[in-house]
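2 protein chains.
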Amino acid sequence: MANAGTGTGLQLRSTIKKDGTLEISLVDVATPEPKPEEVIVRVEASPINPSDQGLLFGGADMSAAKTAGTADRPVVTAPVSPTVLKAMAGRLDQSLPVGNEGAGVVVQAGASPAAQALMGKTVAILGGSMYTQYRCIKAVQCLVLPPGTTPAEGASCFVNPLTALGMVATMRAEGHKALVHSAAASNLGQMLNKICIKDKVDLVNIVRKPEQVDVLKRIGASYVCDSSAPTFMDDLTDALAATGATVAFDAIGGGTLAGQILTAMEAAANRTAKEYSRYGSTVHKQVYIYGGLDRGPTSFNRTFGMAWGIGGWLLTPFLQKIGFEAAQKLRERVAAEIKTTFASTYTKEISLAEALKLEEIAVYGKLATGAKYLINPNKGTR
Amino acid sequence: MANAGTGTGLQLRSTIKKDGTLEISLVDVATPEPKPEEVIVRVEASPINPSDQGLLFGGADMSAAKTAGTADRPVVTAPVSPTVLKAMAGRLDQSLPVGNEGAGVVVQAGASPAAQALMGKTVAILGGSMYTQYRCIKAVQCLVLPPGTTPAEGASCFVNPLTALGMVATMRAEGHKALVHSAAASNLGQMLNKICIKDKVDLVNIVRKPEQVDVLKRIGASYVCDSSAPTFMDDLTDALAATGATVAFDAIGGGTLAGQILTAMEAAANRTAKEYSRYGSTVHKQVYIYGGLDRGPTSFNRTFGMAWGIGGWLLTPFLQKIGFEAAQKLRERVAAEIKTTFASTYTKEISLAEALKLEEIAVYGKLATGAKYLINPNKGTR
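Each protein sequence line maps, in turn, to chains A and B. With our numbering as the guide, the letters of the first sequence map in order to residues 9 to 390. With our numbering as the guide, the letters of the second sequence map in order to residues 9 to 390.
Treat the hints as calculated values from the structure; they're not laboratory data. There may be inaccurate statements among the hints.
In silico SDA-like pairs for lysine to any residue, Cα to Cα no more than 25 Å straight-line [unchecked claim]:
1) LYS185(B) to LEU322(A)
2) LYS94(A) to LYS25(B)
3) LYS26(B) to GLY183(A)
4) LYS329(B) to GLY183(A)
5) LYS146(A) to ALA250(B)
6) LYS25(B) to PRO325(A)
7) LYS329(B) to THR280(A)
8) LYS356(B) to LEU63(B)
9) LYS347(B) to ASP234(B)
10) LYS387(B) to SER59(B)
11) LYS206(B) to PRO238(B)
12) LYS25(B) to SER285(A)
13) LYS387(B) to LYS25(B)
14) LYS129(B) to ASP101(B)
15) LYS94(A) to THR290(B)
16) LYS74(B) to ALA361(B)
17) LYS217(A) to LYS25(A)
18) LYS387(B) to GLU340(B)
19) LYS329(A) to LYS206(B)
20) LYS94(B) to SER236(A)
21) LYS185(B) to SER285(A)
22) LYS26(B) to THR75(B)
23) LYS26(B) to ASP101(B)
24) LYS25(A) to THR75(B)
25) LYS387(B) to LYS94(B)
26) LYS25(B) to LYS217(A)
27) LYS329(B) to LYS25(A)
28) LYS94(B) to LYS146(A)
29) LYS202(A) to PRO238(A)
30) LYS94(B) to PRO325(A)
31) LYS208(B) to VAL148(B)
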């Protein structure tokens, strides 16, 4: 049974053509014979994260997407504007595989003991090219899930859990005592709440709708501020003063939120100021933008003194900075708590072909909180 | 002659009243008897820096300023908008002295040898309250100017020179190999060019008018980009690619320039990129905003990957970070090169009373490049 199911497998590909057309399609790829240190994983679950959609859609106008091909081999095309096309110069005419992470069962293993030890195990992988039926990967890159864990349960072991853990670790490393998170009702945001409750770290949650306040309150969040409320700036300042949070992780990116957070942090700092300082408070206030749910421009008024920073934050450089050993500890914590702290929920499980249906793209492409899709590349194949 | 000229002296004061009125006036203050470690300096030159104007005008609408009082004791008033008034809560109804730096002659000294050694010397001071005729200060805070240096020549020993030196030191400390400076034709910008030419550091100058290109080219600048030119983004990208500059110091603050600099840095980095990276180049790109010549909002499009930062930069925290010894070395370099690298030029020398004339405020309040004023609190008194 060492070769069960292998041979060739379907893989999702995204190509931006020089003429300004995005093409998403499925191709048959040969499953390679694993080298001694490698295994073949039958991928059964891979989430569609916001971080996957940049590569998948390449900034194309998906509202103008068209579909062609057959039900088994659909082909989606969509126009890419000249401006976006310029930014995509590095990937033109390349057929790129997609899917950062996922989980599945090891169905074939190379000769090495490390690879052989994984035969039949359910493992999680962060390696790219996961929207594929069979993924060849080094054994060392496989995170073995605890017995009784399904691929669907282990599909999101990396991007959201390590990002959430990375935020808390960054907060500590840079000397802050509490943190702020925006788009806080997301899967990631709920996970961050569970971590912070467990680790006794104060977290200020910013959500964009009243109903999301309840979602977070139900899982035990102490501080939830609704940016659509007229009292938002006062609510946020109160929460920042209560927690002393001086670092924020912002998934929105565009608009005025990053600046509003800094302004509220400054107001909170000045509540305890003893004398007037013309350059504002001396405490460093930091906002890290790690997502772009709002793709519009970021705008702020610099009404928060001179001790501030706004910058990009990304998981991979963070993991490189802390090193393999420290990162491995984080990964092991995720595996151990995959059904509790790091549990993810999905709206729908779809096949690779279903991922190319325009009506599904219209739903998962919106990046709406609470509408998260899981691709099962082997759905219906067994 | 130990008490020559002392007794009382005029001092400029700025007050924002609770009712929303800024009042700038002159008051008579008693010159204290210096303690053993102190000296009395007869201030003869103190520049009006952009950093002084925040305290002086307190965000009031100076276009609506009125004048009262006498020619010798004028009183200027101007309205402060409710929004600005809120930000000024920490200074309401306080009569604040103004003037960060200046130079003058030591006319009285305390009993300590350090103080006595300064009698008759021309010294420069960074200590605040310099728009005053007689300034009592610790001897250790006086920077003795080389023989033959006038107070006017030594008036700007600190803010601009240390800021320019601080930019180069920050560039080095954070691992960048060249730097960018905006509003580069300013006194500070010209100084930075002289430092960079002398120290063989590549500097990319950004100016806002064609004629400012010539100002900098004449003093030997290699890279000058005019943001009013249609080719600005291409010119800037070329200069960044040629120099490898990945840190910028921006005096403008508002508008789109900070984001444009990051975008051009990213484009320059991608010219040498070997493969497509969906998160952009991995080189960290940083813009420090150290001024606010444009007081409007800062806006950017995040078209520069994820490895970027924008933040405030201020001289005092920089000096605190490097420590007294390192800062003292910088100060000594400034004194030694005060007539060359760190020479400043002024449009006009005015008295304290003249500084309160509306027609003068209309000129120096504009913060225009090449219109820098020097206050001589003892003008006409000798």
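Each hint tested on the structure:
For the hint pairing LYS185(B) with LEU322(A), the CA-to-CA distance comes to about 24 Å; that is within 25 Å, so the pair holds. Annotation: proposed proximity of LYS94(A) to LYS25(B) is violated, straight-line Cα distance about 54 Å (limit 25 Å). With a C-alpha separation of about 37 Å, the suggested pairing of LYS26(B) with GLY183(A) is violated against the 25 Å cut-off. Proximity of LYS329(B) to GLY183(A) is assessed by CA-CA distance (about 16 Å); at most 25 Å being required, the pair is judged to hold.
A threshold of 25 Å between alpha carbons decides the hint, and for LYS146(A) with ALA250(B) the separation of about 41 Å lies outside it, so the pair is violated. About 50 Å separates the Cα atoms of LYS25(B) and PRO325(A), which puts this hinted pair outside 25 Å; it is violated. Distance restraint check for LYS329(B) and THR280(A): the Cα-Cα separation of roughly 24 Å lies within the 25 Å cut-off, and the hinted pair is therefore satisfied. Our distance criterion of 25 Å between C-alpha atoms is met by LYS356(B) and LEU63(B), whose separation comes to about 21 Å.
As the CA atoms of LYS347(B) and ASP234(B) are separated by approximately 29 Å, the hinted pair breaks the 25 Å bound. Between LYS387(B) and SER59(B) the CA atoms are separated by roughly 23 Å; this keeps the pair inside 25 Å, and the hint holds. The suggested pairing of LYS206(B) with PRO238(B) is violated, with an alpha-carbon distance near 32 Å, which exceeds 25 Å. For the hint linking LYS25(B) to SER285(A), the alpha-carbon distance of about 17 Å falls within 25 Å, and the restraint holds.
Restraint check for LYS387(B) and LYS25(B): not satisfied, since their Cα atoms lie roughly 30 Å apart, outside the 25 Å limit. Using a Cα cut-off of 25 Å, the hinted pair LYS129(B) and ASP101(B) is violated, with the two alpha carbons roughly 37 Å apart. The hinted pair formed by LYS94(A) and THR290(B) meets the criterion: a straight-line CA distance of about 19 Å does not exceed 25 Å. Pair hint LYS74(B) plus ALA361(B) holds up; C-alpha atoms about 15 Å apart against a cutoff of 25 Å.
A hinted pair counts as satisfied when its Cα atoms are at most 25 Å apart, and LYS217(A) with LYS25(A) does not qualify at roughly 39 Å. Taking the CA atoms of LYS387(B) and GLU340(B), the gap is near 28 Å; set against the 25 Å cutoff, the hint is violated. Note on LYS329(A) and LYS206(B): the hinted pairing is violated, with a Cα-Cα distance of about 36 Å set against a maximum of 25 Å. Distance check on the hinted pair: LYS94(B) and SER236(A) sit about 23 Å apart at the alpha-carbon level, within 25 Å; holds.
Distance hint between LYS185(B) and SER285(A) is unfulfilled; the C-alpha atoms sit about 34 Å from each other, more than 25 Å. Using a Cα cut-off of 25 Å, the hinted pair LYS26(B) and THR75(B) holds, with the two alpha carbons roughly 19 Å apart. A hinted pair counts as satisfied when its Cα atoms are at most 25 Å apart, and LYS26(B) with ASP101(B) qualifies at roughly 6 Å. Our distance criterion of 25 Å between C-alpha atoms is broken by LYS25(A) and THR75(B), whose separation comes to about 68 Å.
At roughly 37 Å between alpha-carbon atoms, LYS387(B) and LYS94(B) are farther apart than 25 Å, so this suggested pair is violated. Under the criterion of a C-alpha separation no larger than 25 Å, the hint pairing LYS25(B) with LYS217(A) is inconsistent with the structure, at around 41 Å. Between LYS329(B) and LYS25(A), the direct Cα distance comes to roughly 51 Å. Violation of the 25 Å bound is thereby established for this hinted pair. With a C-alpha separation of about 60 Å, the suggested pair LYS94(B) and LYS146(A) falls outside the 25 Å cut-off, and the hint is violated.
Taking the CA atoms of LYS202(A) and PRO238(A), the gap is about 28 Å. The hint is violated against a cut of 25 Å. For a cut-off of 25 Å, the pair hint linking LYS94(B) to PRO325(A) is broken: about 41 Å separates their Cα positions. As the CA atoms of LYS208(B) and VAL148(B) are separated by approximately 32 Å, the hinted pair breaks the 25 Å bound.
Hint compliance for this structure: hints 2, 3, 5, 6, 9, 11, 13, 14, 17, 18, 19, 21, 24, 25, 26, 27, 28, 29, 30 and 31 are not met, and every other hint is.
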